[in-house]
Amino acid sequence: SGRAGLPGRRAALPDREIVPGELLDLAGRRLRAIWTPGHTPGHVCLHLEEAHPATGKGAHPAAGEDTHPAAGEGADRATGRRMPGPRMPGHGRLFSGDHLLPEITPHIGLYEDPDDATVTDPLGDYLDSLERVAALAPAEVLPAHQYAFTDAPARVRALLRHHEERLAGLLALLATPLTPWRLAEAMEWNRPWELIPYGSRNIAVSEAEAHVRRLVKLGRAEAVPGSDPVMYQAI
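In this text, residue positions in the sequence shown follow the numbering used here: the first is 283, and each later residue adds one.
Some hints here could point you the wrong way.
[Stated by the list, open to error] With beta-carbon atoms standing in for the labels, derived distance ranges:
| no. | residue 1 | residue 2 | range |
| --- | --- | --- | --- |
| 1 | 506 | 475 | 18 to 24 Å |
| 2 | 477 | 299 | 41 to 47 Å |
| 3 | 302 | 430 | 20 to 26 Å |
| 4 | 507 | 301 | 40 to 46 Å |
| 5 | 413 | 335 | 26 to 32 Å |
| 6 | 311 | 433 | 21 to 27 Å |
Think of the hints as simulated: they come from the structure by calculation, not from any bench.
Even for Gly, the Cβ is constructed at its ideal location relative to N, Cα and C.
Full structure from sequences and hints, please.
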């Protein structure tokens with residue numbers, strides 16, 4: 283459907299809808315669709331549920347790793363280490379798209395369809411999606427930007443902290459009623475507001491709106507009654 287942020291444009295129709303959790307039809311591989319809304323409502327990561335080739339079957343565990351054999355594996359009685367054997371679909375690799383990046387914080391903006399009355403919470407969706415990906419604990423993450431990386435749970439924890447701090451900062455700013463635009467002006471970005479291109483300022487405002495929507499959903503902020511343009515304040 284049309285999006286408020288992109289007037290006159292409509293999303294392409296899919297050839298086939300992917301069901302969250304579905305194993306894709308890929309001969310000889312286990313590739314599962316993981317729905318991760320947030321950056322976009324329909325964002326999907328793909329989890330390759332296979333042993334990572336860097337570890338392989340029967341590889342020695344890393345320091346601190348559990349040495350008990352997994353289902354279908356045997357163990358050397360003397361060392362307790364895993365021995366080669368059938369493996370269950372494991373941590374594998376995650377094609378994370380724009381959802382999980384090694385250094386960049388993905389843009390989470392509020393882009394609503396004027397024909398849809400649903401009150402969305404894209405930041406809340408994103409935070410839930412991060413938890414879902416962390417639980418997968420993939421051996422390697424292959425993102426759409428930058429480079430491949432490991433330790434997805436650690437990156438997820440860093441992003442959760444970032445947004446927690448971001449929300450706390452916004453709550454402090456909303457001690458004074460502000461419009462989303464004025465709020466975006468007061469927020470910290472990777473450059474001063476005056477140096478942000480005008481087109482990018484709209485993106486920044488949409489991100490401010492997404493964070494305000496999360497605060498409203500949490501009962502920590504509210505729209506000022508009768509304000510036009512609408513202003514928000516902390517509760």
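For each hint, the structure was consulted:
{"no.": "1", "hint": "506 - 475: 18 to 24 Å", "in the structure": "23 Å, holds"}
{"no.": "2", "hint": "477 - 299: 41 to 47 Å", "in the structure": "42 Å, holds"}
{"no.": "3", "hint": "302 - 430: 20 to 26 Å", "in the structure": "24 Å, holds"}
{"no.": "4", "hint": "507 - 301: 40 to 46 Å", "in the structure": "42 Å, holds"}
{"no.": "5", "hint": "413 - 335: 26 to 32 Å", "in the structure": "27 Å, holds"}
{"no.": "6", "hint": "311 - 433: 21 to 27 Å", "in the structure": "24 Å, holds"}
Of the numbered hints listed earlier, not one is contradicted by the structure.
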